[in-house]
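**Student:** Letter by letter, the chains look like this.
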Amino acid sequence: MLAANNVSKQVISPEGGLTILSEVSFEIDYGESVAIVGASGAGKSTLLALLAGLDLPTSGSIQLDGNVLTDLDEDGRARVRAASVGFVFQSFHLVPSLNALENVMLPLELGAAENARKKAADIISQVGLSERGRHYPAQLSGGEKQRVAIARAFATEPAVLFADEPTGNLDSKTGENIMQLMFDLNRNSSATLVLVTHDQSLAGRCDRILSLDAGALVSDEKVRR
Amino acid sequence: MKAIVYAIRTIGRELRSGEVLVLLSAVALAVAALTAVGFLTDRIGKAVARQANEVLAADLRLRSPEPLPAEWLEAAERFELETAETQNFPSVVFAGDESSLANVKAVSAGYPLRGKVRTANRLFGDQQEANDIPPAGSVWADGALMARLNASVGDTISVGESDLRIDAVLTYRPDQSIGFASLAPTVLLNLNDLPATNLVKEGSRVGYALLVAGRESDVDDFYADVEDDLPESVRVRNREDSSESAANASARAQKFLSLTAVISLLLSAVAIAMSARRFAHRRMDTVALMKSLGASQQFVITAATVQLLLLGIVGVCVGSLIGFAAEKILTSMLADLIANDLPPPGLQPVFLAAGSALILLIGFAMPSLIQLRNAPPLRVLRHDEMPPAPSRLLVAGTSLLAVAAMLYSAIGDARLLLYVLGGMLGVSIVLYATGRLLVALLGRSRGGVGIAWRYGLANVARRGRASAVQVVAFGLGLTVLLLLTFVRTDLLKGWQQTLDENAPNSFLINIQAHERDPIAEIFARNEIGAPDFVPMVRGRMTTIDGDDVKDIEFPTEDGKWMANREANLTWAAKLSETNDIVSGDWWPEDYQGDPLVSIEEEAAADLGVELGQKLTFTIAGQEIQLTVASFREVNWDSFKPNFFMVLSPGALDGFPATFVASLKVQAEERGALLEIARAHPSVSVIDLESILQQVKGIIEKATLAVQAVFIFTLAAGIAVLFAAVQSTIDERRFESAMLRALGVQRGTVLFGVLTEFAALGLVAGFLAAAGASILAWLISTRVFELEYSFSPLLWSLGLGGGILLVCLSGYVAARGAINAPPADVLRAA
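Read top to bottom, the protein sequences are chains Z and W.
The opening residue of the first sequence carries number 1 in our numbering; numbering runs sequentially from there.
The opening residue of the second sequence carries number 226 in our numbering; numbering runs sequentially from there.
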């Protein structure tokens, strides 16, 4: 489903070349849920960006749902994302000018799905916000915003869901509820889940944990339940 | 296609969210200002031109020594024009035992087609406008004629074989000549009474004229229709030939109005450019998000462009409505001045304004839209990830192209356009360079000041390029505001000089040498200052450098005309203060050598005469040879007696001279004029008061137009300031919240922000004052041909106004950001 082969990422900084990821390789199966953990600056978010095709590695290749992302141009990668990828971000990233329902409709409209409004309304009610569909992001609490973001991510029924510290901006109680919601929806849709977090307990709820340290993959273990 | 559908489907949400209000109002304001300026220039330009036409009593006048062919009248009727006919000729008229030569002018119903005839019930009495022509069986007689005939209103005068009653004193007719050519006073009669006088016979010296008036295009069509068949002897006059003062004022007003239109356009361009940039910048996050959700580059740029266009169209609609409303209000405010019978404004100004706004919008937004296309989707994870900045060449190229395209269609005066554009470009470059310099200096100088100052100055320094761009925007706005204020002041001052309260309003002509003392005595008795008597001798030019003028090919028709008539000659030891020597030298005051002549420069050009050439004149049967010593520029607006030919002292000694005097006579002193007319019947009194009033009317109209239009430019300038502050508002909101969260008081944050704007305003104001001074000098002297005077007020206004305006608009625009609850702002970030 998702594979990284010898992926490295270097950037040019004022102090010279900086290696963020070096020689990272792994494979993730369909339906698997995987947590990427590590300290701040370990390269978690960079890896996520590369896996989702938001950025290109300096060397190595990435495959997603049968496509070699590293061989595609930006529009090609966008097509792959439109067809197969959902996102949940730490800072929600809702479009401030659109209300909750319209935010969920956005990826459906981009994919020219039929009945975008009805599908969006369905999933909004699944995340328990049917009463707040007409509210704008500024009128929603942090937890509600993240629910809208989760609804948006699942709206297109993606093959893989990327989540970047989804509870990072939420208090622990709300975070717990949000994670429960995400795992439930994930189970129902049998999507692959890639979760970046520094929260060990959250990571523990996934099938597998990849640990990064200073840009290198230091462990890859299955979670025993 | 999918992108267009998406854009249309989401535009409503964009509008509802209020996010795009800045852009919308920039476009709407631009269109409103341009539409209103367009309407006003159109209507006021026409009103001014029409008043200038009064001098012709028509829009077009065809004058012929032959009776008017019927086809002309038919053609005029075919084009639905108003018409009137006149015939005039010199004839001696009688009243009792008295007789005098008069200019008999017979007019048909409708005369005059432009302007009004004014009459009074008694000599030098109060005058009123006449709405008709003299009724059958009666005449309106010039006051001078009545004085010579010793007649009063109600008396009968004999014109040819008819006895006609004097119905009123003719005090003013729009087409009266103010030159010295027609010395005979006029008697105005009904054309229907003319046959009975039996004065018009085979071989009579009658001047026939057809006056036409109507819509400009119809008049042009009419003229095009008859033009080809016009005999050589027909003289055609239209508004371009109208009185010099009126035409000058009218031309300057139109130039100023088009300058104002250009400047409103430039200001709108700056406001649109800034808000379009903000539009694109604010979409950066959304675009990155949409790309992460799978949208292609093509999709995002198409969607953004379509939305921008849709917003532009909404702005255009709103702006047109405001423009229409403003035009209605202004027209009713100016009701007295704008003739009601003017054709209503067409839709053309709206289309022009809408087209301008949309082209500016696309032109200025294009670089930002292209940048948007390259927005990295990685921005969803790393907020500081920015697309590469668009190349400066692209930004400058598309912007300049957009402005040039607009200006090209908006303005006809290439030189004015060049000065304005060149000046603006120069000022922008200097502003930007100085802005960068200031930023660097401020960055170093903030060590020893308090926190608020440090925060404000640090802001200016940290924003580097953005600060410099703001200096350019503020500076440009201020430059044009100052420029307009001062060109306007210069313009008004120039016109006021024309309207000098002490400008003479009466001329006395044909004064014999021995009459000077008695006339001066009459003035002294009535406590009116003694007039200057200017000598005048009439002579005919016969040769130039020995060649007979009959054999010379003159460069212009005017030159030929001038050479074939008697010229008025004068002599003077001192150069008149309303004259300037443009080439050659004026003679010393005690000059006693061979006779010299100084010629008015345009007359010299018409005659093709050069310095040093010898001219021969025949005066009362004797010949005199003159050497061309200098050319003069004459200010004809001064209403002082002026001559094409001025001779050196002594040159005309021994020739019979008459004298001309000009003087200012107040309304209550007019009895003195009557006394002179009675005591010295051969002296002609020419009353210029009516003509001065007419010129004054034109100038006041033009002044009001200039001021009304200026208000719009001012609004556009303030919009630029707002747009400039708005472009940094997000950053300010966040900073303010952060500082307040750290415990800084709101007042301190505010003071810091004001410090920042004050620093920007100071630099922008300083640079604007310098730029405006240079531009004003260029425009005043080169385009309007007025004298430029350096003004320290411009500098204090530039600096003070810069700081005040920038601080004020900065405060108003940033207030919301400073007052927003820190928690909300930080949570939303």
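No lab work stands behind these hints, which were simulated from the structure alone.
Just so you know, these numbers come straight off a predicted model, no measurement behind them.
Do not take every clue at face value.
Claimed, not checked - Quick look at which bits of chain W chain Z covers, simulated, 3 or more residues with Cβ under 8 Å:
(1) 335–348
(2) 513–519
(3) 599–606
Glycine included, every Cβ here is placed at the ideal spot set by N, Cα and C.
**Student:** Look at each hint and say if it fits the structure.
**Tutor:** Okay, the hints, checked on the actual structure:
1. 335–348: It is violated, with 0 qualifying residues against the three required.
2. 513–519: Our answer is that it holds, as 6 residues pass the Cβ test (under 8 Å) against chain Z, meeting three.
3. 599–606: It holds: at least three residues are needed, and the segment 599–606 of chain W offers 5 whose Cβ sits within less than 8 Å of chain Z.
Of the numbered hints listed earlier, the single one contradicted by the structure is hint 1.
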